[in-house]
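**Student:** Based on the hints, put chain B in the right spot on chain A.
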Amino acid sequence: EVQLVESGGGLVQPGESLRLSCAASGFTFSRYWMTWVRQAPGKGLEWVANINPEGSGKYYADSVKGRFTISRDNAKNSLYLQINSLRVEDTAVYYCARGLTGNVHFYYWGQGTLVTVSS
Amino acid sequence: QSALTQPASVSGSPGQSITISCTGSSSDVGGYDFVSWYQQHPGKAPKLMIYEVSNRPSGVSNRFSGSKSGNTASLTISGLQAEDEADYYCCSYTSSGPLVFGGGTKLTAL
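Chains as they are written, first to last, in the working numbering: chain A, 1 to 119; chain B, 1001 to 1110.
This is chain A alone, in the form it adopts within the complex (with noise of 0.2 Å):
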């Protein structure tokens, strides 16, 4: 049974820093692109950020460029969000995802980590 759990959330003050995790288990983690999509209290989805199975092709959301780093440890099958500078509007349930097969669709969710941005 494929299974992501995202942990690292929190409340913090405006311009600290955070590292989201995911945890992945039931699949060749490997294989598979990774995702990360947003979404603040009562608001919409936001997808945030995405990388490759091989960790080497990362992309971003215009909203987070230059403050969010994906990354991945293959060898820990283990999904990473390092947040730098920290917005109030960054606050939101940040998920983890992966589709069937590659990175146009999701299929596999975690439940979410709620990051709260306040001072």
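No wet-lab data here; the hints were simulated from the structure. Watch out, some of these pointers could steer you wrong.
Restraint-style ranges between C-beta atoms, simulated for each label pair [stated by the list, open to error]:
1) A40/A to S1054/B: 39 to 47 Å
2) A1008/B to K76/A: 37 to 45 Å
3) P1014/B to P53/A: 40 to 48 Å
4) S1002/B to R87/A: 19 to 27 Å
The calculated DSS-like cross-link candidates involving lysine-lysine, where the alpha carbons are at most 27 Å apart (straight line), are [said to hold, decoys possible]:
5) K1047/B to K43/A
6) K1106/B to K43/A
7) K1044/B to K43/A
Quick reminder that beta carbons are idealized off the backbone N, C-alpha and C, glycines included.
**Tutor:** Quick look at chain B alone, frame taken from chain A:
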């Protein structure tokens, strides 16, 4: 990376059919057959309902169907049921960056 345009809300009576539209441009919806649709109930993670415009994952009811014409994709739910009441999001691959979501549509089963 502008969000795709969806109606804020749609409603229908049980047993009826409803359609949710998702309008983009030739750089996203119109340019690629990589449109997907997600259902999200309150407090839950999204669920993939349609991928690559019109394909249903295993386990998704055949009451859900997808299509595309030009720059607009559509999700149709036939035989509306109370359990279909949820938020629905479209998503498309784009030429400028990998993916973009629609703003979401709240479906109410009257």
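**Student:** If a hint holds in the structure, say so; if it does not, say that too.
**Tutor:** So, going through the hints one by one against the coordinates:
1. About 30 Å separates the C-beta atoms of A40/A and S1054/B, a value inconsistent with the hinted range of 39 to 47 Å.
2. Between A1008/B and K76/A the beta carbons are some 42 Å apart, a value that agrees with the proposed interval 37 to 45 Å.
3. Remark: the range hint 40 to 48 Å for P1014/B to P53/A is upheld by a beta-carbon distance near 44 Å.
4. Hint check: S1002/B to R87/A, Cβ distance near 20 Å, so the stated range 19 to 27 Å holds.
5. Of the supplied pair hints, the one linking K1047/B and K43/A holds, its CA atoms being roughly 17 Å apart against a limit of 27 Å.
6. Between K1106/B and K43/A the alpha-carbon distance is near 11 Å, which keeps this suggested pair within the 27 Å criterion.
7. Only pairs whose Cα atoms come within 27 Å are accepted, and K1044/B paired with K43/A is accepted, the gap being roughly 14 Å.
Checked against the numbered hints above, the structure violates only hint 1.
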